[in-house]
Amino acid sequence: MRRWIENAFRLGVKEFASLSRDVVMVVLIAYVFTFAVYSEATAMRTDVNDAKVAVIDGDRSTLSGRIKDALRPPYFRPAVEVDRSSLDGLMDKGAFTFILDIPHGLEADFLTGRNPAIQVNVDATSISQAGVGTAYIQEIVAQETTSFLKQAPAEALAPVNAVIRAMFNPNLEAISFTASMGVINNVTILAIILVGAAVMREREHGTIEHLLVMPVSASEIIAGKVWANGLVILLAAAFSLHVVVEVILRTPIVGSIELFLAGTAIYLFAVTSLGILLATVANSMPQFALLSIPVFVLMFLLSGSFTPFESMPRDLQAIMDLSPSTHFVRFAQAALYRGAGIDVVWRDLLIMAGLGAGFVAIALYRFKAMLARQS
Amino acid sequence: MCAGPADASERQARLNDDVEIDRRLRAGELKFAVDIPPGFGRDLLQGHRPEVGFWLDGGNTFPAETARAYILGTLQTYAGEVARAARSANGLPAETPRVEPRFRYNQDFRSVFAITPGSIMLLLIIFPAMLTALGVVREKEMGSIANVYASPATVGEYLLGKQLPYVAIGVLSYLSLLVFAGGVLGVVPKGSLLALSLAAFVYVFAPTAFGRLVSAFVSTQVAAIFGTSILTAMTAAHYSGFLIPASSLAGPGRIMGLSFPALWFQTISLGVFAKGLDTPAFVRELLVLAAFALGFLLLARLLIRKQGA
Numbered sequence: 001m002r003r004w005i006e007n008a009f010r011l012g013v014k015e016f017a018s019l020s021r022d023v024v025m026v027v028l029i030a031y032v033f034t035f036a037v038y039s040e041a042t043a044m045r046t047d048v049n050d051a052k053v054a055v056i057d058g059d060r061s062t063l064s065g066r067i068k069d070a071l072r073p074p075y076f077r078p079a080v081e082v083d084r085s086s087l088d089g090l091m092d093k094g095a096f097t098f099i100l101d102i103p104h105g106l107e108a109d110f111l112t113g114r115n116p117a118i119q120v121n122v123d124a125t126s127i128s129q130a131g132v133g134t135a136y137i138q139e140i141v142a143q144e145t146t147s148f149l150k151q152a153p154a155e156a157l158a159p160v161n162a163v164i165r166a167m168f169n170p171n172l173e174a175i176s177f178t179a180s181m182g183v184i185n186n187v188t189i190l191a192i193i194l195v196g197a198a199v200m201r202e203r204e205h206g207t208i209e210h211l212l213v214m215p216v217s218a219s220e221i222i223a224g225k226v227w228a229n230g231l232v233i234l235l236a237a238a239f240s241l242h243v244v245v246e247v248i249l250r251t252p253i254v255g256s257i258e259l260f261l262a263g264t265a266i267y268l269f270a271v272t273s274l275g276i277l278l279a280t281v282a283n284s285m286p287q288f289a290l291l292s293i294p295v296f297v298l299m300f301l302l303s304g305s306f307t308p309f310e311s312m313p314r315d316l317q318a319i320m321d322l323s324p325s326t327h328f329v330r331f332a333q334a335a336l337y338r339g340a341g342i343d344v345v346w347r348d349l350l351i352m353a354g355l356g357a358g359f360v361a362i363a364l365y366r367f368k369a370m371l372a373r374q375s
Numbered sequence: 001m002c003a004g005p006a007d008a009s010e011r012q013a014r015l016n017d018d019v020e021i022d023r024r025l026r027a028g029e030l031k032f033a034v035d036i037p038p039g040f041g042r043d044l045l046q047g048h049r050p051e052v053g054f055w056l057d058g059g060n061t062f063p064a065e066t067a068r069a070y071i072l073g074t075l076q077t078y079a080g081e082v083a084r085a086a087r088s089a090n091g092l093p094a095e096t097p098r099v100e101p102r103f104r105y106n107q108d109f110r111s112v113f114a115i116t117p118g119s120i121m122l123l124l125i126i127f128p129a130m131l132t133a134l135g136v137v138r139e140k141e142m143g144s145i146a147n148v149y150a151s152p153a154t155v156g157e158y159l160l161g162k163q164l165p166y167v168a169i170g171v172l173s174y175l176s177l178l179v180f181a182g183g184v185l186g187v188v189p190k191g192s193l194l195a196l197s198l199a200a201f202v203y204v205f206a207p208t209a210f211g212r213l214v215s216a217f218v219s220t221q222v223a224a225i226f227g228t229s230i231l232t233a234m235t236a237a238h239y240s241g242f243l244i245p246a247s248s249l250a251g252p253g254r255i256m257g258l259s260f261p262a263l264w265f266q267t268i269s270l271g272v273f274a275k276g277l278d279t280p281a282f283v284r285e286l287l288v289l290a291a292f293a294l295g296f297l298l299l300a301r302l303l304i305r306k307q308g309a
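Protein sequence lines correspond, in order, to chains A and B.
Be aware that the first sequence starts at 1, since it is given in the working numbering, and climbs by one per residue.
Be aware that the second sequence starts at 1, since it is given in the working numbering, and climbs by one per residue.
Isolated chain A, as found in the complex (with noise of 0.2 angstroms):
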């Protein structure tokens, strides 16, 4: 046993020697832990931001023109005022997102009771802004109605006092989110990339015989390339949380970052296992490219870090149930975002550890009968 942990430890350390050889693989570790996650979570927004509105002015009352100076940051740019006869060219540039189109008369038939109608042209292929922006302007024209009839806003009227508490992230502030989402796809894509390409390097170069004829085992070096790479992984992962997302981004993070990384080295061995899994599949370093991308890209799209995993299909939330990611992905939201201890995210810790016992079972299978063939 002795004999097996030096083996692994030196193995690792010869990792470390041709990673850090490759300068341009070096650099690009720290860019997409520095950089990538500062622009991903300051440019990318779930909600309705910025959005290019533009007014067709027909009435040129008090109403129309409380309406147009309505539209305003941060939901949307401060309205622009066009012609009706630029309308179809301006959507077709894509230029606005919306269009309204207030007819003449608006003001004076509201008044009599004849309840008249605004068109709101969409872009309805901007689907991140469509849906959401066409409410916010529903709810934009009706405020302005009442207050220009000096009427109390609705809310007052309601019977009841509606007190909202966003818990963990009172302003529900999606930089946060973004930014560990971010964190987390970036662990996942260099945990299988990094550690499948060391093993397919070796064996398109020929020097997994040097590794042969000398006495280690493949349990050995497969060890010692998870250690190695995991490591290196770990230590940005924590750079990233520690110094981007809480220094730079000023995002203070609920849990505790210390249970985060125990989760993120578990999930490590099950990521870079699958990693050689995916060497011991491929034949060369394009083949294990074009397998690897679809499956990290499936593994973080369908993993509840996009898109609330209640609302997938149940089927298919079995089968990614069966993905370290899935586990990774609700742990970390529980740990990072709702201070959540060691009581609640054990069984995912311990999936995850079983699901990187069994990756590691079938590389190891895989990889000594590739060991076999080559030798």
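Do not rely on the hints blindly, as some may be mistaken.
Below 27 angstroms or equal to it, Euclidean Cα-Cα: the simulated BS3-like pairs (lysine-lysine) are [what the hints assert, rightly or not]:
1. K68(A) x K150(A)
2. K162(B) x K140(B)
3. K140(B) x K14(A)
4. K93(A) x K190(B)
5. K93(A) x K68(A)
6. K368(A) x K14(A)
No lab work stands behind these hints: they were computed from the structure.
Given chain A's structure and the hints, the job is docking chain B onto it.
Just chain B, lined up with the frame of chain A:
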């Protein structure tokens, strides 16, 4: 209106005290909890406007926003009814102006029509770029690039020979994506097929040339795979008008978008698939795409020649 994890029956979950609410929200069992205080019915009937507490799980912002919108929406609809009745009673016009949305280019508002053109844009930039980069870096890593340097082929010939096959693969990918989009997803181009095909042909030159450019910097295949995938996928997904409309991009995001071919092809792809536009609408985009292809190629050639010398 309950966005509970299982279904609406979660509404019945009995939450006796704040500790229980806190524990179940923390464990992710509940997405939100409604806290009705004692004496609620009495206060309501006496017109005291009693408080109702809504506790959201703010951990994942998107479902929390949705839950909040539903809660507020329900309340506002009701308050709107009260306000309308009050207006009628005071002799004011009861109905506020109607807002009639016209969802253009995608009347049913189905996401597949908006996402498919973007997916084509993404796939046609990630894979050609990565494969081209790997094509060269592979020879670098294995050492067989020395044969090329020793051979009478010029750098230009070598580069073109290593790029054109991947352009062909890109064009084939485009054709199969087109068939898949039409046959399986039912998304067919409403506008000029010729414009789209021409654009796709010019477009795949750009990522293959970009792959070349990456190959000039990296020396290992791992770095080539990782580098091309993050550079192309991140820029193309975030700053092309795919997830956020191009008109809403501002600051550095806008500059990144404009200086990468993905945004320009996305405009054509959306324009042809969803908006039914014709070739003349895209002259500028086509020229810009051609400029990208040429620019990346010249840059790559410059860098690789320096290396070979």
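A quick look at each hint next to the structure:
1. K68(A) x K150(A): The hint holds at about 18 angstroms.
2. K162(B) x K140(B): 13 angstroms, holds
3. K140(B) x K14(A): 22 angstroms, holds
4. K93(A) x K190(B): Measuring from Cα to Cα gives roughly 16 angstroms; hence the hint holds.
5. K93(A) x K68(A): Judged against 27 angstroms, a Cα distance of about 22 angstroms means the pair holds.
6. K368(A) x K14(A): 21 angstroms, holds
Checked against the numbered hints listed earlier, the structure breaks none of them; every hint is satisfied.
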